[in-house]
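Using the hints, position chain B against chain A.
Chain order of the listed sequences is A and B.
For the first sequence, the numbering used here assigns the number 1 to the initial residue and increments by one for each residue that follows.
For the second sequence, the numbering used here assigns the number 276 to the initial residue and increments by one for each residue that follows.
If you're looking for bench data, these hints aren't it; they were derived computationally from the structure.
Each hint should be verified, as a subset may be incorrect.
What the hints assert, rightly or not - For each label pair, taking beta carbons as the anchor points, the in silico distance ranges come out as:
1) B:PRO450 - A:ASP104: 43 to 53 Å
2) B:LEU311 - A:ARG39: 41 to 51 Å
3) B:SER298 - A:THR43: 33 to 43 Å
4) B:ALA393 - A:THR264: 50 to 60 Å
5) B:LEU529 - A:ARG100: 55 to 65 Å
6) A:THR92 - B:THR301: 40 to 50 Å
7) B:GLU361 - A:SER101: 45 to 55 Å
8) A:GLU149 - B:GLY419: 46 to 56 Å
9) A:GLY66 - B:PRO406: 49 to 59 Å
10) A:ASP104 - B:PRO387: 15 to 25 Å
11) A:ARG39 - B:ILE413: 37 to 47 Å
12) B:PRO387 - A:GLU159: 33 to 43 Å
13) A:GLY96 - B:PRO477: 36 to 46 Å
14) B:GLU361 - A:ARG39: 33 to 43 Å
Note that beta-carbon positions come from the ideal geometry of N, C-alpha and C, so glycine has one too.
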Amino acid sequence: MAVAGAATPVVAAVTDTGGAENVGPPVAIDVSNLRVRYRRNGTDALSGLSLRVQEDETVALIGTNGSGKSTLLRCLVRLVEPAGGSISFGNTTVTGASRRSLRDIRRDVGFVFQGFHLIPRLTAFHNVVHGAMGRRGARCAWPLTSQGEVRLDAIGCLERVGLGGYANRRVDTLSGGQQQRVAIARMLMQKPRFILADEPVASLDPASASAVMELLCSIAAERDVTVVMALHQIDLALRYADRVVGLRNGVLELDRPVASCDPTELSPIFAETVS
Amino acid sequence: MSGVSTRPVPSTTELPPRLRRPSLRTILVVAAVGGLLVHGWTEGAAVRPDSLATGIFRLGDFFADAVPPDLGRLGPILAALLVTLEMALLGTIIGVILSVPLAVLAARNTTPHWSLYAVSRGVITVSRTIPDLIWGLIFVIAVGLGPEAGVLAITVDVMGFCGRFFAESIEDIDPGRIEGLRAIGAPRVGVIAGGVIPACLPSFVTTSMYALESSARSSVVLGLVGAGGIGIEFATSMQLLRYDEALTIILAILVVVVAFERLSAAIRRRVLGA
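Just chain A, same shape as in the assembly:
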């Protein structure tokens, strides 16, 4: 079931490639006709999805579990390989990039995961130092071998997320909210131009969720970073995003600026789907 009246702006946004597009802000992320197929059952996780995100824009992806939000985010940096279509960050094409080029692209893209994806036995400081591996190489796998300025940067990033006093604590002894802050500090070490956040607050209590969202968005604002985040909470999407994109069964069904968005029209995106 499509959301009534929602698909039209999307089609307009994607297919309108005439002279008007040169007038607005430059496109930061360009996804065109993206297809991803599940290997296990041959069905499409994403079916011909197209999306443009402008520079410095914050886009919230909403949808039910299995709607394709996480797949889309992972596909943007090819943690999931697409079956077709094209993706580019600025002038750099992701699809078809060599292994080395892909590593260069990933350096600029900070990824925040729902499950934090930290190394639990290591300290917060050690995990944050890992964030420099994209730019400074494998020496940053261990604080012992990492460069002095990387160590200073890491402490700075931990202080930025409010965990300066937790540098030597093992991350598996921290709360969920603190672990997500460590993950954000690790992402800051990348000095990213883009942030992809896959349900960054889904496993946190409401207070921690608000604090993490506040932190993520304030960092994005102060550094002029383009953000695409998958969220389940409509209220958070409306509070922190500039634009809301709804996915349903791997198809883009809604694309609205938050300013002109009525919360009631977002609810059908979460309605029961028939697979």
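Okay, now just chain B, sitting in the frame of chain A:
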């Protein structure tokens, strides 16, 4: 008020059988095992009560000759035991160090190429399936009699043991940890050094400690085939019927092997507890 009926309610669902009929495969496996036991019994691979009865008396003779243990050659025995321990320690350390890259190549989630996966799995299988005593004989031919052959035999044996369990530990790692570092743009070496190895470290340490215990035992036996250490002393004492001296060696080995096991258990507890 009427009482509650204890009669079972008639059901249309069929009651499951108490015993399921064995499958053809189960019958074949049981028949094969039974056949091997019967064949072994006819070929002498058996435990016969009459030989056990006479054997116990001979064992009594051995202990009568062995007690009290002869401490006359304690110095050379302890020196040989020290060499045995050093063989075990050096062989285990080299084996564990070599096992780490081997395991990285032999784990599906970290191997750079399927051909390297196949080769490293092959190396692990060969190292593991050939017993350490045979490796000892092979290395005695290669480098001559002495502890060097023992160290090499233990190294290969540990590579087979640790290589397999390290690789399985790497394959069991939460994929998110690898994905998190790949998403940063970390090079492959960085992902392994910064993510995979720290995550697998407790498992690596416990496996290495088991390997050390096993090496302490096998280093004794390796001496019997000329690969140095206390084994040669023990074989000589037994061949010259110096059972009292042999008992001294057995007791010394017992103390050392138990000490090794206690030490490795303490290290395991400390690592897992941390």
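Beta-carbon spacing of B:LEU529 to A:ARG100 - inside the hinted bounds 55 to 65 Å or not: Holds: the Cβ-Cβ distance is about 58 Å, inside 55 to 65 Å.
Quick check on a hinted range of 15 to 25 Å for A:ASP104 and B:PRO387, using CB atoms only. Because 19 Å falls inside the window, the suggested range holds.
Take a look at whether the Cβ-Cβ distance between B:PRO450 and A:ASP104 falls inside 43 to 53 Å. This hint is violated: roughly 23 Å between Cβ atoms.
Check the following: the C-beta atoms of B:GLU361 and A:ARG39 are separated by a distance inside 33 to 43 Å. For B:GLU361 and A:ARG39 the Cβ distance comes to about 52 Å; the hint is violated.
The hint says 45 to 55 Å between B:GLU361 and A:SER101; measuring C-beta to C-beta, is that right? holds, 51 Å
CB of B:PRO387 to CB of A:GLU159, is that within 33 to 43 Å? holds, 38 Å
Are B:LEU311 and A:ARG39 spaced within 41 to 51 Å by their CB atoms? Given a distance of about 43 Å, which is inside 41 to 51 Å, the answer is holds.
For A:GLY96 and B:PRO477, compare the CB-CB distance with the range 36 to 46 Å and indicate the outcome. holds, 41 Å
Cβ distance range 40 to 50 Å for A:THR92 and B:THR301, holds or violated: At 60 Å between Cβs, range violated.
Falls inside 49 to 59 Å, the C-beta gap from A:GLY66 to B:PRO406? holds, 52 Å
A range of 50 to 60 Å was offered for this pair. Does it hold for the Cβ distance of B:ALA393 and A:THR264? holds, 58 Å
Okay, B:SER298 versus A:THR43 on CB: inside 33 to 43 Å? holds, 35 Å
Checked against the numbered hints given earlier, this structure breaks hints 1, 6 and 14; the rest are met.
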